[in-house]
Structure formats: C-alpha cells, structure tokens
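Peer 1: What follows is the residue order along each chain.
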Amino acid sequence: MSFDSPFHVTIDFDTSHMIFPTIIAIILGILFTAILITRGRTMLATITNGPWWPAGIDHMRFFGTLVLTVIYFTAMPSVGDFFPNTGLGFYLCSIPYLFALSTLFLHERTRRTLLIAGANALIAPTIVWYILSELFNISLP
Amino acid sequence: MELLSILTPMFFTLVTAGTVIGIIFGAIPGMTATMAVAVCLPLTYSLGLENGLALLLGLYVGGISGGLVPAILLNIPGTPSSITTTLDGYPMTQNGEGERALKIGITSSLIGGLFSLAALYLFAPALADFAIKFSYIEKFLIIFFALTVMAALSSSLLVGIFSGFLGIFISLIGAYDISRGGNGELRLVPESLEYYLESGFSLLPVLIGLFGLATILIEAEQGMKEGQSLSGVKIGGKPFKLSIFKGQFVNLFRSSAIGTFVGILPGVGGSAASILAYSQEKNFSKTPEKFGKGEPAGVIASESANNGLTGGALVPLLSLGIPGDSTTAILIGAFTLQGIQVGPLFIGNNPVTWDAMIIAMLVANIVMFLVMVFAIRHLAKVVTVPKNILFPIILMMCVVGAYTINYGVMFDVWTLLIFGLFGYLAHKIGLEIAPFIIGFILGPSAEIYFVKSLESFGTFSIFFTKSWIAGLLWVLIAISIAFSISVARKKNKTENE
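Here the protein sequences come in this chain order: A and B.
Be aware that the first sequence starts at 527, since it is given in this note's numbering, and climbs by one per residue.
Be aware that the second sequence starts at 247, since it is given in this note's numbering, and climbs by one per residue.
In isolation and in its complexed conformation, chain A is listed as follows (with noise of 0.2 Å):
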C-alpha cells in the first residue's frame, strides 16, 4: 500500500495480505499502550500486591485437569493408529480419562462414588462411540 496524498492510497494486490493485519496490529498496540496508561497503576497495584498465580487456586483439580487433558489428546491418535478408521482410539482412550477425571474432581472418594465415575466412564464412551463411529460413520481419532 502507498500513499498518493493523505487520503489516496494505491494497494499492490501482491503484498495486500499484510494490509489489514498491519493496520488491526497498529491498533491494538495503540489500545494497549491506552489500557497501560489509564489502568497502569491499578494493574501494577494487583501484581505488587499479589497473591500471584497460582496461589490461591485448587492445584490439585485445575492442573490435573490439565494434565490428564494434555494425555487424552496425545494417547488418542496413538492408540488409534494400531486400530485404523474404527475410533477405537477415541474409545479406548476416554474410559481411562473420563474414570481419571471424574475421580479427580469427587470430594469424597468413597467406594459408592468410585463405582458411580466407573459406570459413567464406561458407559458415557460406549454410547457416543457406537452411536458417532459404529451408527453415523463418523470420524473419531
């Protein structure tokens, strides 16, 4: 883009991808630079004065969430490549993680609560895996 005058521009179509993301940049560092000035102070008060993150949060539940998220993803594609196009991987890798994540966010583990995530984690699966993969055909890693 060049500029003719103040308000004629001429747009080169070869480099007019970085017209707009230029422009939508420029603004953004202007807002930002905006919100630094009217809100500075109250922000620096906020981390000076803390807690900092994560203090203050439940550790345990939030980022073994996390975690148990992270391991779901990345079993899924692996355990279904040793079962092609059947969404086995999916299938295989939601009891574990359904059973984990259910178990993580229980107060009270008892043997009562433990069998009620059980049968959720082995039933919840089975119906969205036959229903999506086995009924309507549809892709699950």
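Just so you know, not all the hints are guaranteed correct.
As the list claims (entries may be wrong) - To give an idea of the interface, some chain B residues facing chain A are shown, with a C-beta separation under 7 Å as derived from the structure: (1) Leu404; (2) Phe408; (3) Phe411; (4) Arg433; (5) Pro436; (6) Ala466; (7) Glu467; (8) Gly469; (9) Met470; (10) Ile639; (11) Ile640; (12) Thr650; (13) Tyr653; (14) Val655; (15) Val659; (16) Leu700.
What the hints contain is simulated information worked out from the structure, not anything from laboratory work.
No experiment lies behind these values; they were computed from the predicted model shown.
Don't be surprised by glycine CBs; every beta carbon is placed ideally from N, CA and C.
Once you have looked at the hints, place chain B on chain A.
Peer 2: Chain B only, in chain A's frame:
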C-alpha cells in the same frame, strides 16, 4: 408445501429434546446456553440445516430459561442472564413461595420469548431488505459499528474494544482467502505450523474451547464445588395464579422490549438486558422498597427481559450476518457446517429455513413453558447433579466436536485446548470474550470489505462519502463512542466519590 416436508416428527422431537437439554444446562450453575449450543453443534452435522437449527434453537431458548431454577431456589444464577432473578426470586423461596416464584419466572420467560420472536419475524426481513443495498463500504462500517457498540457496553470501553480487535487479529491468521478475492498468501503463521494453519483456526474448535474447556478449567480452579443440595428448600407453598400478572402488563411489555432491543445490539449479553429491565421496573415502581425482598415484579422484569434477548439476538444475525450475542455467534457455525452464509440475502434465498427457524423458536418457547410448569419439581433436582459426572462427559463431547468438524483433524483438538487455555486466561485478566468472538467471526469479512473498497476507490475518503447510509453509520459510531466515554466518566466519578 416444502415447509411441511421439513416439519416432521423428527423436527419437533429435536426442538423438544434441545429445549429440555437446554433447560438442564441452564439450570446447572456454571453451565450456560452458550456452552450447550457449542457442545451440541457438531451433532447437527448429520442432521441437516433445519433439523440442526431446531435442536440448537431449542437449546438456546431452554438454556436461557433454565437459569431461573437455581436463581430462585438456591440464590445462584444458573446463567449470567438470570442474575437479577436471584434478587427477588430467592427471597420468595425463603418466604415459602418457591413454586410460585418459579412459575412467575417461567410465564414471564414465555411472554418475553414470544415478544422477541414477533420482533424477529417483523424486523429481520425488513432490515435484510434494506441491507441488500449495502456495498462493501457500508458492510465494513456496520462491522465497525458493531465493534464500537460492543465496546461501549463492555465493563471497560478500552478492554472491550481491545478484545474485539484481538479477535479480528487472530482471525487473520492463515492465508488471505483467494475465494473471496485475496491473494492466497500466508500471514502471521509460524513456518512449522503452515500446514495446519493455512485456513487459520477453525471456528468451532475455537468456540468449543472458549465456552466448554475454559468453563471447566475455571470450575476446576475453584475446586469443582459439589452439586447443590435442595434439602431445606421449600418449592411448594402459596399457589401460583395468573392474577399475579394483573397490573404487570407495562412491566412485561417494557422488560420484553428492553430484552429484545439489547439482544439486537451486537455482543451484549443477557445479563445487561435483565439488569436494565430490573432497574427500570424498580425506578418506575410505586413501591421500590419491596424490591430485593421477594417482589414478584422483579422476577417478571428479569425473566421477560432475558428471554426477550433470544429473538432479538437473531435479528442482526439473520439480516446482517452479525451475531447479537455469543450464543448466536455459535449458531453461525451451524450455517457454516451446512455451507450457508448468513447475511442480508439469507432470508430471501432460504425462505423455508427462515420459516422453520421461526416455528422452531415458537415451539421451543411453548415446550419450555410446558416442561418447566409441569415438571418443575423434577427439573429442579438437576441442580443437584454432581459435576464430577457431568464435566468429564462434556469434555469428551468437546473433543468429539472439535475432531469431527473438519472430518478428523487432530490439530482441531489441540486448537480446542489452546483456546480453552486462552479463555481461562482471558477470564483471569479481564478480557471480554463476547467482543473477542464477534471480532474473530467478522474479522475476515471486515478485511475483504476494507481492502477491496480501497482497491476499488483508491481513497480513504470513500468511507465517509459513499452514501448517506455511510454518513448515518458514522453518526451512529460517534454516538456509541460518545455514550461509552460518558458512561466511563460517570463511573470514574462515582468511584472517586
């Protein structure tokens, strides 16, 4: 006749199922109508457009309505839009009038929903007919106007507008779309991800991440509180009679109209509608001191306004292609899945789908009313469903949705995680998700409209001089910015005092 072929038992079953599932989502604190629509959206792929929309519109109406159950019984708003329902609904429950409060809320929801549906039916086609004449310049200015309105009604003007522009920026990742006149060159993509990001981030995994995974991460951070207990809650008590609405016609009409109007404004959530309607009713009331202590008029104002939002939010979506709120933003995904673009031509080119949508909304409102009135005692129990059972299933459904949307792309599942984390982070640092989503959806169109206008006319002044509509839009943009600055100043003044 074509419409009759769509109105099959399956269509009505899907509306009913969607409404019931939506009520359940809405009734469980932490789960929203937006989440319900996001999680169930991929299921509509195999249903076809009309049947898919029937399910999603049912979820939308049910999800917004279900929020009143925990708001009234437990003082916990099931959805953000039922926040003001707690103010008088819960005191009514404490006074032994739980069932009465629920039925007042349900009836008000029905009236608000039907009012907004009538507004949708009347205004959307007229607005679409008008918008057909818009050139790229007016279309660009409409998007710009939508962003300024969103920012004006955000909790902070700067943060709201920053969130909207951030959404636009992220939507530009990938190739400059050749099919819409771009040059096909990649931008903003790291070399190692060029294969995956050629078309940018897919919309649906982004939405599912922001509204599904992010919500669960926020709940996990707070320790995943167990399902609430209803023991000690008096649902019965004083019977409900329609005569309670005697003298409430103005309240119902005004609150429904406020909800519908707020819905039409892009990016503004139901909470703004119900807060505005509640405060108006309190201001006009002869007995404002009764509000907050179990005044039925408060429940009526709040619930008719938040259901008034449902039809209103569809007006800009179906006439201009601009979503009215975050839930209708997700509905765009349903159209995208079926290869249909929403915008000024949608209603004219798809009259049968349009009629089917109106019928689905009407049926959803009636089903919502019947199910909630006759099964409220049983439905109220869903607030006790343990989250440790529900949330893992939702996460699994999020994965299914993200993976299947592009016929099995694992990168979409990782996109879900990336945007789930982003949504969590946005919540922590106070970024506004609704403007972000709308910026993300409208960004590519805004780029095409802006660059092509400059290519054609070669001058920035064309954005001001193209037509009287462009001039009017600039006036509206100026008003919305001035309004937001005035609100921000008043807020600062109040805080300083």
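Peer 1: Taking the hints in turn, state whether each one holds.
Peer 2: Status of each hint after checking the structure:
{"no.": "1", "hint": "Leu404", "verdict": "5 Å, holds"}
{"no.": "2", "hint": "Phe408", "verdict": "4 Å, holds"}
{"no.": "3", "hint": "Phe411", "verdict": "5 Å, holds"}
{"no.": "4", "hint": "Arg433", "verdict": "5 Å, holds"}
{"no.": "5", "hint": "Pro436", "verdict": "15 Å, violated"}
{"no.": "6", "hint": "Ala466", "verdict": "4 Å, holds"}
{"no.": "7", "hint": "Glu467", "verdict": "4 Å, holds"}
{"no.": "8", "hint": "Gly469", "verdict": "4 Å, holds"}
{"no.": "9", "hint": "Met470", "verdict": "4 Å, holds"}
{"no.": "10", "hint": "Ile639", "verdict": "5 Å, holds"}
{"no.": "11", "hint": "Ile640", "verdict": "10 Å, violated"}
{"no.": "12", "hint": "Thr650", "verdict": "5 Å, holds"}
{"no.": "13", "hint": "Tyr653", "verdict": "6 Å, holds"}
{"no.": "14", "hint": "Val655", "verdict": "9 Å, violated"}
{"no.": "15", "hint": "Val659", "verdict": "6 Å, holds"}
{"no.": "16", "hint": "Leu700", "verdict": "6 Å, holds"}
In this structure, the hints that do not hold are numbers 5, 11, 14, in rising order.
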